[in-house]
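Participant: So you can see what is in the structure, the chains are spelled out below.
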Amino acid sequence: MTGAPPAPPRVVFEDEQILVVHRPGRSAFTVVTFGGFMLRPDGMRIWAGPPIGALGLEAIGFVAKASNWFPEQVVARAAPRVRATLRGPAVGYGYSMGGYAALKHGRLLGLDAALAVAPQVSIDPRDVPRDLRYRAHFDPGLHQGMRVRPGDLCEFPVVVADPHFAPDRRHVDLLGARDRVSRIWLPHMRHGVIGALTSTAVLGRVLELLLARDAQGIRDVLRARRRTSRAWHTAMAAAATVRGRTTLAGTLWAGAAALGTPSALLDRQRMEAERERDRALAIGWRASALEQLSRRLLSAAERGDWQAVLHVAARMPATANTPRLATATTHAALALGEPAAVAEAAAQAAAAELPGPVRIELGRRFAMGGHGLPALAVLLADPSVLEDAAGRASAAQVLGAMLDDESMPPFWRVAMRSLRRRVLASIGKPGGAAPA
Amino acid sequence: MDAGALADRWRALLARAPAPGEVFRDPRDAGSLTATALEIHTPAAAARAAAILAQAELDPATRLACARGLAEGGRGAEALAVLLADPATHAHPDAVPVLQACLRSHHIPRPVAAMAWHLLWRLNPRRRGGGTRAPA
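As they're listed, the protein sequences go chains A and B. No gaps in the numbering here: position 222 of the first sequence is 222 in this note's numbering, and each next residue is one more. No gaps in the numbering here: position 127 of the second sequence is 127 in this note's numbering, and each next residue is one more.
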């Protein structure tokens, strides 16, 4: 570090998307920080400004004016001025959206190393189809080719994340080889892994190790930090609570309180963890109950106990129906022939997600049983049934069989006859050209 | 309009109604038929109008408008018959408000009501597009 007093902060670059602030310090290297999802410009404020200020580090802070994931073309415009401002080696540091930027723009900004905490590799649905968390912020106009590629990275990128938190883990797994990007895993901290770096002393030490390209050293510091970290204690306590490990959870909640976590915050986090535990229990119960009901229904169908089949089917949500269950229920209702049972089975089949051929077959069974409206309900509940020529040809046969039900109201019979005529015409079959 | 004039108009519309597979000679007649049937306010008139509209060749916009008129007039089943009689309107994105109106009317048989509800769900544009969620 030098002894000269730092100059006042100044704006290095600004446009409609980002603000870049230079906060001079006394260090021989520059920290480049990238603000997170929530941070917006506020004077000369930068992300992680207080610990960086306390450490007296030379810093440049990127602050986004919207949750825009620091688009490449915007950062490229700022890059020449940022590169001209860097003093000594440069390390990038960011969390979540900021972590993305630290990785994505590492080479563009001339960074030597980068610490990306719980970063995304992209928010483009084509890159990360299962991550819905930030999809609302994806803008095709701004984010073409946004995914972090090996050529974007600085020479020594390090990622810190929770390996068991699937939404973040999937991003890290897309980053490529471990020998190119160092991973530091902090289990059970979910997206809140940044909590492990909230100490000024820890951040200072980690940045030194980052410059020294010592990933193992960073790992040791962050793991040792866990024993004195409020964030680690609350995260672990929440994880233990969710898993029903009451005694361990109690010890960890007490540890978090002893380290000075505000009691209101602890109460809220504890309540959220308990709610998540209850939800997990309910989902588990529901899945096993549905499995049990499915087995009972199929076993009753094998015995030919149609009343039992319908009794079990009535207790299952219609959307849980599989093709086998819907077929068994239809068969039972048609075997009994009671109008209420037939109507109920048809309603269940209408609701079920069924492949087209299964839906058409069930419609055919209702139609052949002389139940025109239930057949119509099953057949037409899914518009995709009439999408292709094969489906249309089969559906036309079912519509023809439906017309045998003379108890159908006349306007329905006319409508189904007209639909059949149009369907046949669309596939060039006889009966379609002239009105039936 | 008095009952006699309404009956005369109804008879005239029926006389001009197209044969199955043909178009209305006056395109406005499809709408008039729907409105007059609702004004007569009997199930038989609604059913007759629905049968004529189902078998007539209508462009999708007219079919959707007639079905919506019937549905909003409380004739949900007849509206569904008009809507479903043509594959072009069965899977039409603009069928969503028609189906919503159908489901508000009474006396739709149980399996047909279930069909309308699930068809509506499957045509829902947010569902088709995969949907979006608020950010975490």
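Keep in mind that the hints were calculated from the coordinates and are not lab data. Hints are supplied without guarantee of correctness; some may be wrong.
The calculated label-pair distances, taken between Cβ atoms and stated as ranges, are [unchecked claim]: (1) GLY145(A) with ASP59(B): 25 to 33 angstroms; (2) ARG104(B) with ASP139(A): 53 to 61 angstroms; (3) GLN397(A) with GLY4(B): 25 to 33 angstroms; (4) SER288(A) with GLN100(B): 33 to 41 angstroms; (5) ASN124(B) with LEU290(A): 22 to 30 angstroms; (6) ASP267(A) with HIS106(B): 27 to 35 angstroms; (7) GLY304(A) with PRO43(B): 35 to 43 angstroms.
Remember, predicted model here, so these are calculated numbers, not experimental data. Beta carbons are placed, not taken as given, at the ideal position from N, Cα and C, and that holds for glycine.
Participant: Work down the list of hints and note, for each, if the structure agrees.
Facilitator: Going down the list of hints, with the structure as the test:
1. In this structure the hint that GLY145(A) and ASP59(B) lie 25 to 33 angstroms apart at CB is violated, the actual value being about 43 angstroms.
2. Checked against the given bound of 53 to 61 angstroms, the beta carbons of ARG104(B) and ASP139(A), roughly 38 angstroms apart, lie outside it.
3. Checked against the hint of 25 to 33 angstroms, the pair GLN397(A) and GLY4(B) fails, with Cβ atoms roughly 47 angstroms apart.
4. Take SER288(A) and GLN100(B): their Cβ atoms lie about 36 angstroms apart, and the range 33 to 41 angstroms holds.
5. Our hint of 22 to 30 angstroms for ASN124(B) and LEU290(A) holds, since their Cβ atoms are close to 24 angstroms apart.
6. For the hinted restraint 27 to 35 angstroms between ASP267(A) and HIS106(B), the CB-CB distance of approximately 50 angstroms leaves it violated.
7. As the Cβ distance of GLY304(A) to PRO43(B) is approximately 41 angstroms, the hint placing it in 35 to 43 angstroms holds.
Comparing the model with each numbered hint stated earlier shows that hints 1, 2, 3 and 6 do not hold.
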